[in-house]
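S.K.: Go by the hints and put chains B and C with the ligands onto chain A.
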Amino acid sequence: MWEVVKSVLSAFFGVQREQRRRRDFEQGKPGTFIVVGIVLAMLMVIVVMAIAIMAAG
Amino acid sequence: MAPNLPPKAPLEHSQSVAGSPAAHEEEHHYRSGPLRWLLTTNHKEIGTLYLIFSLSMFLIGGVMALVVRLELFQPGLQMVQPEFFNQMTTMHGLIMVFGAVMPAFVGLANWMVPLQIGAPDMALPRLNNFSFWLLPIAFTLLLATLLMPGGGPNFGWTFYAPLSTTYAPPSTTFFIFALHMAGISSILGAINIIATILNLRAPGMRLMDMTLFVWTWLITAFLLIAVMPVLAGVITMMLLDINFGTSFFNAAGGGDPVLFQHLFWFFGHPEVYIMILPAFGIVSVIVPTFARKRLFGYASMVYATASIAILSFLVWAHHMFAVGLPLVAELFFMYTTMLIAVPTGVKVFNWITTLFRGSITFETPMLFALAFIVLFTIGGFSGLMLAIAPADFQYHDTYFVVAHFHYVLVPGAVFSIMAAVYYWLPKWTGHYPDERIGRWHFWLSVIGVNLLFFPMHFAGLAGMPRRIPDYALQFADFNMASSIGGFLFGFSQLLFVWVIVKCVRGGAKAPAKAWEGASDLEWTLPSPAPLHTFETPPDLRGFKFH
Amino acid sequence: MRKMLVLAALMASVTGLSRAARAAGWNMPVGVTEVSRDVYGLHMVIFWICVIIGVIVFGIMFYSLFRYRRSKGAQAAHFHEHTTVEVFWTAIPLLILVAMAIPATATLKDMYDASEAELDVMVTGHQWRWHYHYMGEDITFFSNLDTPREQIDGTAEKGENYLLEVDQPLVLPVGRKVRLLMTSSDVIHSWWVPDLAVKKDAVPGFVNEAWTRIDEPGIYRGQCAELCGKDHAFMPVVVQAMEQEAFDTWLAERKQEAAAAASGVDREWKLEELVERGEKVYGSICASCHQADGQGTPPTFPALAGNQAMMDDLDWHIDVVVNGVSGSAMAAFSGTLNPVDLAAVITYERNAWGNETGDVVQPAEIQALIDP
Ligand code: HEM
Ligand SMILES: [Cu+2]
Ligand SMILES: [Cu+2]
Chain A
659 MWEVVKSVLS AFFGVQREQR RRRDFEQGKP GTFIVVGIVL AMLMVIVVMA
709 IAIMAAG
Chain B
48 MAPNLPPKAP LEHSQSVAGS PAAHEEEHHY RSGPLRWLLT TNHKEIGTLY
98 LIFSLSMFLI GGVMALVVRL ELFQPGLQMV QPEFFNQMTT MHGLIMVFGA
148 VMPAFVGLAN WMVPLQIGAP DMALPRLNNF SFWLLPIAFT LLLATLLMPG
198 GGPNFGWTFY APLSTTYAPP STTFFIFALH MAGISSILGA INIIATILNL
248 RAPGMRLMDM TLFVWTWLIT AFLLIAVMPV LAGVITMMLL DINFGTSFFN
298 AAGGGDPVLF QHLFWFFGHP EVYIMILPAF GIVSVIVPTF ARKRLFGYAS
348 MVYATASIAI LSFLVWAHHM FAVGLPLVAE LFFMYTTMLI AVPTGVKVFN
398 WITTLFRGSI TFETPMLFAL AFIVLFTIGG FSGLMLAIAP ADFQYHDTYF
448 VVAHFHYVLV PGAVFSIMAA VYYWLPKWTG HYPDERIGRW HFWLSVIGVN
498 LLFFPMHFAG LAGMPRRIPD YALQFADFNM ASSIGGFLFG FSQLLFVWVI
548 VKCVRGGAKA PAKAWEGASD LEWTLPSPAP LHTFETPPDL RGFKFH
Chain C
20 MRKMLVLAAL MASVTGLSRA ARAAGWNMPV GVTEVSRDVY GLHMVIFWIC
70 VIIGVIVFGI MFYSLFRYRR SKGAQAAHFH EHTTVEVFWT AIPLLILVAM
120 AIPATATLKD MYDASEAELD VMVTGHQWRW HYHYMGEDIT FFSNLDTPRE
170 QIDGTAEKGE NYLLEVDQPL VLPVGRKVRL LMTSSDVIHS WWVPDLAVKK
220 DAVPGFVNEA WTRIDEPGIY RGQCAELCGK DHAFMPVVVQ AMEQEAFDTW
270 LAERKQEAAA AASGVDREWK LEELVERGEK VYGSICASCH QADGQGTPPT
320 FPALAGNQAM MDDLDWHIDV VVNGVSGSAM AAFSGTLNPV DLAAVITYER
370 NAWGNETGDV VQPAEIQALI DP
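Chains as they are written, first to last, in our numbering: chain A, 659 to 715; chain B, 48 to 593; chain C, 20 to 391.
Only chain A is shown next, with the shape it has when bound in the complex (with noise of 0.2 Å):
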């Protein structure tokens, strides 16, 4: 799981290993990585939310 989580952190930056990314589909099931995708994405909206509540404060 961690291991997914960390790949679509680094898609969320845009660089990833050739080998991971042979490890993720060999391996993973791209079910995992949409929910944890979509997951993520909602938590990044939730940390920028955030932010710039603080920053309108």
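Keep in mind that the hints were calculated from the coordinates and are not lab data.
Accuracy of the hints is not assured; some may be wrong.
[Unchecked claim] Derived, one-sided and incomplete: chain C residues facing chain A with beta-carbon distance under 7 Å: (1) 100; (2) 102; (3) 105; (4) 106; (5) 109; (6) 124.
[Stated by the list, open to error] Pulled a few chain C residues facing chain A out of the computed Cβ check, cut under 10 Å: (7) 99; (8) 128; (9) 131.
Note that this is a predicted model, so its numbers are computed, not measured.
All C-beta atoms, glycine included, are put in the ideal place defined by N, C-alpha and C.
M.R.: Showing chains B and C with the ligands alone in chain A's frame:
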């Protein structure tokens, strides 16, 4: 999903067309008469139809742009009245987005996705035929609105309510119907592409072996399915407001005109990615071919494209900074826009690193791809500037924005399409496109496009609003330069038509592998690719992917 | 070292260029408010960041294109991945942007803080003119484009402020915080003056807030920035900033004029008087849709000349002008025109372009209708 899933039902279909004797007769029957084109379910023929349709729309939309540029050549009203001017800008935008750029990418996908994944055809061939033929009908209807009483759509391609509802010409209902049809066409096309990519890959080709063109299209197709229904929803609300007395966007009835903009841009921002991700794919295929070197950072490219798809839903209100959003919303959308722009923008570095220490030649497709990298990046830079909300108050709704999105869309998306056409014409026709005319086309287009769009940055900064038929005197020089560039660019496209016609009719014969550095699956097929290919899946043992 | 020098020289000359560019009207104006100067600063910083990144990136690109041509015998290398490099070149722009976000946030907060304003002006967008209401001062007026039609059609020489001139500018005092409340009576407009760095949409049914504090007296010109229909290009914004004293004098004069203009509701008006006054009102308000010759542009804007339904039914005619037609472009004018102007323009419409009804509508009738 199982990567080695053997192709099932669709293959049977293609066998029944090409394999069995009865179907063979049917095929010969198809070959004669115009009905063949009307009824074809062949991915190559449908791809060709899409591309021809797109080119026609590109030329029609281009003529409208030239009407606009002619009027703006000098201050004062010379050629057209404001009513007609607004119809021209609106129709130009609608036609270029929904009629030229999107169908061109779908056409390229039709042709090349099956060839690049070793599939015999698209997964849903009849649906494919249907989704194409919706388009000519939709756009005939859309163009016909110009002849209706009160004229055609005149409220900009973003059709903000209530200008597009309460205050719109009577033809707006037809505009909505046309857009619905184009939207259905896109959704069906997207479903077909997804089904093809996920189910019909040749045995042995895993997702991770696919070319970036196929990857970017897979992701684009998901975006399309996600946002086209939002567009359909918002235009249906318009329809109800106009014809059935509802007040979704009518403040006098308790509605909210700003709601329209939220819905529109929730569709609209992913839509701009729909128009650029396949372009990324094309450039990522062409640059390695002519640099004779593998794409740098394939894995990053795939991951970043996937995440862009999700994150592109979080930035829509950067188009609405001046609409009066609360401060927190303003900050939120400024931050997300900045965050997402970076991983997107730095993909440019991957292409440049691919060039670094390559062995580079400059055939026409490469020229267009290289111009794409430079000029798209300039559009990305102005995008970064627009992301700074306080500064956007000055840029918003000026020619600066017009410059921005034309840089990303014309020398961006459109150049990538031209690059793709030059790149794959040998595969489609069996002949190389004429290099000499191609070069002329390229250089005139590059000069024209920059003369056309670069001065718009200055005009916008100096204070010229967009969508105006007449302007104050201090903007005159910029506009004159733009208009000259516009005509240069516009007329250069006749060379493009010429190259294509010439290439279809003859030219230097192309071998199966038309470009020395090319390595993808389509280049294992003869040129021109026969009508039916990969009827038996290719043997990919030992094939070197990307 | 020599490269550095060349680079520095280049930068210097480009900086000089950018100054020249601004003077020649190629760049964003610095403007005359603290906010506009902040915005200009942000604009230039992000611009230079883009230029520097561009020079580096395109430099490497063109170097590669030049150096690694196959015609020069270049052999392709085989590397195709380097995660550290990728992380590095992603992180740097990210950090730069985070750094940009800090001043941008500060400026934005400043722009949003309209509290403690000393003067409130309600700005209402109409197709296609602005309407200003000095709140608490009882002064309201329309601000119409003042460029003659002949200049637009090219039969007369265009003036210096072509399309950026109005009959009555918005007059504001310098050095005081002015709050602008924006709304619209029809479609969305956007009130924009580049020198003040204020651009805010005027949305029907909503009131948006913006503010400005102008440093120097002068005339500042802008335009409607949101497509609002046919004459979107022809609804400029002109702000005239003056010293407090001059502003007070102006305010007093305007009040007197307004009182004079609204007077006469009670007296009996003659047909000729009303037609004469009505023609002016029609020309500045109604003609943009219904045309100077009353022919309109059907089906969107109906003709008034020879309009039998209108001539037959006086009450309906009055109702349309006073209360508007909901669900159409015809606005209600009871809030923006005084009873005398309303009576005058209705009388004019019933007696112009061959509409010879001979009807006279008295201001008192309209007054009775508006507040009974
Ligand atoms: C670096 C990435 C980008 C950023 C940060 C960015 C940012 C923006 C912003 C903030 C606006 C709104 C400007 C305004 O109206 O005031 C805008 C407008 C626009 N952008 Fe981008 N953009 C980027 C890339 C792209 C790409 C890749 C495309 C399409 C291929 C695109 C197409 C457009 C279009 C069509 C509009 C204007 C729509 C309209 O108002 O008619 N942009 N962009
Ligand atoms: Cu956007
Ligand atoms: Cu307006």
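S.K.: Hint by hint, note whether the structure agrees.
M.R.: For each hint, the structure was consulted:
The restraint placing residue 100 of chain C at the interface with chain A holds, with a minimum CB-CB distance near 5 Å, inside the 7 Å limit. Here the hint on residue 102 of chain C is kept, as its CB sits about 5 Å from the closest CB of chain A, short of 7 Å. Nearest Cβ of chain A to the Cβ of residue 105 of chain C: about 4 Å, under the 7 Å cut. The hint holds. Checking residue 106 of chain C against chain A by beta carbon gives a least distance of about 5 Å; that is within 7 Å, so the hint holds.
At about 6 Å, the closest approach between the beta carbon of residue 109 of chain C and any beta carbon in chain A falls short of 7 Å, and the interface hint on this residue holds. Annotation: residue 124 of chain C was flagged as interfacial toward chain A, and the flag holds, the nearest CB pair being 5 Å apart, inside 7 Å. The criterion of a C-beta within 10 Å of any C-beta in chain A is met by residue 99 of chain C, whose closest approach is roughly 8 Å, and the hint holds. Of the supplied interface hints, the one on residue 128 of chain C holds, with its beta-carbon coming within about 7 Å of a beta-carbon of chain A, less than 10 Å.
A distance limit of 10 Å between C-beta atoms decides the matter here; for residue 131 of chain C the minimum to chain A is near 8 Å, and the interface restraint holds.
When the structure is compared with the earlier hints, no violation turns up for any of them.
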